[in-house]
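Trainee: Just so you know, the protein sequences line up as chains A and B, in that order.
For the first sequence, my numbering gives the first residue as 1, with consecutive numbering after it.
For the second sequence, my numbering gives the first residue as 1, with consecutive numbering after it.
Be aware that one or more of the hints could be misleading.
Stated by the list, open to error - Calculated pairs, SDA-like style, for lysine to any residue (alpha carbon to alpha carbon, straight line, at most 25 Å):
1. 278/A with 189/B
2. 128/B with 302/A
3. 224/A with 211/A
4. 278/A with 103/B
5. 116/B with 307/A
6. 128/B with 178/B
7. 278/A with 40/B
8. 128/B with 232/A
9. 128/B with 291/A
10. 278/A with 38/B
11. 278/A with 168/B
12. 278/A with 152/A
13. 116/B with 99/B
14. 213/B with 314/A
15. 278/A with 130/B
16. 213/B with 60/B
17. 61/A with 87/A
18. 278/A with 139/B
19. 278/A with 74/B
20. 216/B with 311/A
21. 213/B with 313/A
22. 128/B with 38/B
23. 116/B with 300/A
24. 128/B with 303/A
25. 56/A with 202/A
26. 61/A with 12/A
27. 61/A with 104/A
28. 213/B with 56/A
29. 278/A with 73/B
30. 128/B with 189/B
What the hints assert, rightly or not - With beta-carbon atoms standing in for the labels, derived distance ranges:
31. 151/B with 214/A: 36 to 46 Å
32. 299/A with 87/B: 28 to 38 Å
33. 97/B with 166/A: 17 to 27 Å
34. 88/A with 198/B: 49 to 59 Å
35. 88/A with 27/B: 44 to 54 Å
36. 89/A with 139/B: 30 to 40 Å
37. 15/A with 152/B: 35 to 45 Å
38. 62/B with 275/A: 38 to 48 Å
39. 139/B with 299/A: 24 to 34 Å
40. 62/B with 306/A: 46 to 56 Å
By construction, these hints were calculated from the structure, which means they are not laboratory data.
Note that the Cβ used here is the ideal one computed from N, Cα and C, for glycine as well.
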Amino acid sequence: MTGRAPEPVTAAANPPVEPLEANLGARDVVRASAMPNLPAPDRSLTEVAKLIDVSKCIGCKACQSACAEWNETHPEIGVNTGVYENPPDLSAEMFTLMRFTEYDNPDTGNFEWLIRKDGCMHCAEPGCLAACPAPGAIVKYSNGIVDFIHENCIGCGYCIIGCPFDVPRISPRDNRSYKCTLCSDRVAMGQGPACAKSCPTQAIVFGTKAAMIEHANDRIADLKSRGYANAGVYDPPGVGGTHVIYVLHHADQPSLYAGLPDDPQVAATVSAWKGANKTIGLAAMGLAAAGAVLHGLFGRANRVSAEDEVEAQALVDREREGDA
Amino acid sequence: MRRRHFSDRGDRILDRNPVRVGRYRLFTRINHWIIAASTILLLLSGLAFYWPSLFWLTALFGGGQAARWLHPILGLVLAVGYLLMFVQLVARNIPRHDDVVWVRHIRDIVDQNEDKLPTLGKYNAGQKFVFWAMAGLILLLLGTGVMIWHQAFPDLVPVPARRWAVLGHSVAAALMAMTFVLHVYAGIWTRGTLSAMTRGWVTGGWAWRHHRKWLKEVAGRRD
Ligand code: HEM
Ligand code: SF4
Ligand code: SF4
Ligand code: SF4
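Next comes chain A alone, as it looks inside the complex:
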């Protein structure tokens, strides 16, 4: 008899040694792509979050290495292009990426090196999930984690179209979409994410969303006391909040950090495409087909009459003889 793994509240804990039952799975799914009438799960997990404190990050990329190691991904060995980003972009083999921005602060005259850990934000309203056409290829669990279920993925790339943060990547190897899982497999076993666990400065921490907001507020108070008047948390309401949140020293200008969206939302084009367009389109196609069938069954067919044949015969004879 094995117990069920606890819900993790930190990334610092060591793994259990006794065999445990996974505590996150299909029965915790609150939303799934292309499955509009999903029954509500019979239990609700506590919302979790990963907090990335940009002001503490030293850009060492331990998290990137830990992520590749844990997920057994193999990013291609690249070349030095004169910037610190390596690899140059997120990929199906690199779920998280440190992005470096050099910023000349006009207010202080200081040169600032802004380093942001990019990756999936685990949106409460995930655009990827809204766009995906394959049933169950993208799921959201009651603890807030958004996960890609690769067996169900068809490789269409709609998740890329739907995501406001440009995160998912399709693997050219197996034509399936990949992104940060928030280490859902570790969370299921009571462990925090690998990236958080590896972070030497504790810039990445993990716990319940409430605890992470509390921790963020402590950090913001500290930053403000040290002159960062605009320090704040990035938990964008446009996507219903996220389960990866940042502490930013310049929370008034998120886009300073390698183009982090100032006010991310599921694009209006995406909502129109998946919403009104489909309802109207399907209704119009249905009506056209039904109208044709009904008229076909009950309308009077347009038949060629015997007189038409006689007239045609006469016309052809006239034309032929006329020239002969």
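Position chain B with the ligands against the provided structure of chain A, taking the given hints into account.
Mentor: Showing chain B with the ligands alone in chain A's frame:
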């Protein structure tokens, strides 16, 4: 050779008793059925991505991955086939004054008061509408389809452009489905039409009733 206004080079009186008129040569007919088949398969695979409860249609293609892979390739087949068809048929599909008069008599068309309608060349305004609507929609579907064809062109256009493309593709596909229904329906409601695309000919009576100027010109030709 007299100038042709209403007929194509291959159109012929095949028999005089009873009259049979050749309308499409074998190449055109084969091409038409390739276009038809690819359109149906495109609609079935496309609708699977369009609406969650139709996703099961992917099973017809061997699963979601296969349907996703095949759909754009079928799109290319359709586009090439239609281009050939377009070149062959465009000359007789240019709108003329007769078409305006014919459309104004829409009630008489439905009520089958054939004697009140103007006599027509090889195509009526409805057929011309389908011809041009399909041409425009296929062009649009090809353009937008290539933009969202992730496997072949992963970085062709930036994400915001892809969003517009997929919306445009979706709208155009629904319009194409409706045009397709109109086309098939018209071909069945107007009895005697199907043989033009199956066996390649129509009866004299059919030609006299629906396309009299075409029949007259074909009958009068000596080339
Ligand atoms: C002409 C070339 C075409 C190309 C290159 C093309 C390409 C694509 C691509 C790449 C997709 C995304 C799914 C996938 O990767 O398979 C798609 C979706 C779709 N296609 Fe096409 N397609 C073409 C023509 C057509 C035609 C003729 C129709 C229907 C008459 C059609 C109907 C659809 C529909 C309904 C969708 C789903 C759209 C949605 O989810 O809103 N496509 N097409
Ligand atoms: S690529 Fe996969 S996960 Fe992304 S939208 Fe398509 S089916 Fe869904
Ligand atoms: S960041 Fe993008 S991929 Fe991640 S949950 Fe949000 S929409 Fe989906
Ligand atoms: S949470 Fe896990 S998958 Fe996501 S970036 Fe961290 S290590 Fe990678």
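Trainee: If a hint holds in the structure, say so; if it doesn't, say that too.
Mentor: Hints and how they fare:
Restraint check for residue 278/A and residue 189/B: the C-alpha separation of about 29 Å exceeds 25 Å, so the hint is violated. For the suggested pair residue 128/B and residue 302/A, the alpha carbons sit about 19 Å apart, so the restraint of at most 25 Å is met. For a cut-off of 25 Å, the pair hint linking residue 224/A to residue 211/A stands: about 20 Å separates their Cα positions. Among the hinted pairs, residue 278/A with residue 103/B is inconsistent with the structure: their alpha-carbon atoms are about 31 Å apart, more than 25 Å.
For the hint linking residue 116/B to residue 307/A, the alpha-carbon distance of about 16 Å falls within 25 Å, and the restraint holds. Annotation: proposed proximity of residue 128/B to residue 178/B holds, straight-line Cα distance about 15 Å (limit 25 Å). Restraint check for residue 278/A and residue 40/B: satisfied, since their Cα atoms lie roughly 19 Å apart, inside the 25 Å limit. For the proposed pair residue 128/B and residue 232/A, the alpha carbon gap of about 62 Å is over 25 Å, so the pair is violated.
Taken as a hint, the residue 128/B and residue 291/A pair is honoured in the structure, with Cα atoms around 21 Å apart against an allowance of 25 Å. Note on residue 278/A and residue 38/B: the hinted pairing holds, with a Cα-Cα distance of about 22 Å set against a maximum of 25 Å. Only pairs whose Cα atoms come within 25 Å are accepted, and residue 278/A paired with residue 168/B is accepted, the gap being roughly 12 Å. Under the criterion of a C-alpha separation no larger than 25 Å, the hint pairing residue 278/A with residue 152/A is consistent with the structure, at around 22 Å.
Between residue 116/B and residue 99/B, the direct Cα distance comes to roughly 14 Å. Compliance with the 25 Å bound is thereby established for this hinted pair. Annotation: proposed proximity of residue 213/B to residue 314/A holds, straight-line Cα distance about 14 Å (limit 25 Å). A C-alpha spacing of about 23 Å is found between residue 278/A and residue 130/B, which places the hinted pair at or below 25 Å, so the restraint holds. Annotation: proposed proximity of residue 213/B to residue 60/B is violated, straight-line Cα distance about 45 Å (limit 25 Å).
For the suggested pair residue 61/A and residue 87/A, the alpha carbons sit about 11 Å apart, so the restraint of at most 25 Å is met. At most 25 Å may separate the alpha-carbon atoms for a hinted pair to count; residue 278/A and residue 139/B meet this at roughly 21 Å. Between residue 278/A and residue 74/B, the direct Cα distance comes to roughly 23 Å. Compliance with the 25 Å bound is thereby established for this hinted pair. For the hint pairing residue 216/B with residue 311/A, the CA-to-CA distance comes to about 11 Å; that is within 25 Å, so the pair holds.
Distance check on the hinted pair: residue 213/B and residue 313/A sit about 14 Å apart at the alpha-carbon level, within 25 Å; holds. A C-alpha spacing of about 21 Å is found between residue 128/B and residue 38/B, which places the hinted pair at or below 25 Å, so the restraint holds. Among the hinted pairs, residue 116/B with residue 300/A is consistent with the structure: their alpha-carbon atoms are about 18 Å apart, no more than 25 Å. Using a Cα cut-off of 25 Å, the hinted pair residue 128/B and residue 303/A holds, with the two alpha carbons roughly 21 Å apart.
Distance hint between residue 56/A and residue 202/A is fulfilled; the C-alpha atoms sit about 8 Å from each other, no more than 25 Å. Note on residue 61/A and residue 12/A: the hinted pairing holds, with a Cα-Cα distance of about 18 Å set against a maximum of 25 Å. For the hint pairing residue 61/A with residue 104/A, the CA-to-CA distance comes to about 23 Å; that is within 25 Å, so the pair holds. With a CA separation close to 84 Å, the supplied pair residue 213/B and residue 56/A exceeds the 25 Å bound.
Of the pairs offered as hints, the one joining residue 278/A and residue 73/B holds, with about 24 Å between alpha carbons and a cut-off of 25 Å not exceeded. Only pairs whose Cα atoms come within 25 Å are accepted, and residue 128/B paired with residue 189/B is accepted, the gap being roughly 17 Å. The given range of 36 to 46 Å is respected by residue 151/B and residue 214/A, whose C-beta atoms sit roughly 45 Å from each other. Against the hinted window of 28 to 38 Å, the Cβ-Cβ separation of residue 299/A and residue 87/B comes to about 35 Å, which satisfies the hint.
About 54 Å separates the C-beta atoms of residue 97/B and residue 166/A, a value inconsistent with the hinted range of 17 to 27 Å. Judged by the Cβ atoms, the range 49 to 59 Å given for residue 88/A and residue 198/B holds: they are separated by roughly 57 Å. The hinted window of 44 to 54 Å between residue 88/A and residue 27/B holds, with their beta carbons roughly 50 Å apart. For residue 89/A and residue 139/B, the hinted distance range of 30 to 40 Å is satisfied, since their beta carbons lie about 33 Å from each other.
Judged by the Cβ atoms, the range 35 to 45 Å given for residue 15/A and residue 152/B holds: they are separated by roughly 43 Å. Taking 38 to 48 Å as the suggested C-beta distance range, the pair residue 62/B and residue 275/A does not conform, at roughly 30 Å. Taken as a hint, the range 24 to 34 Å holds for the pair residue 139/B and residue 299/A, whose Cβ atoms sit roughly 33 Å apart. One distance hint, 46 to 56 Å for the beta-carbon pair residue 62/B and residue 306/A, holds here, with the actual separation near 51 Å.
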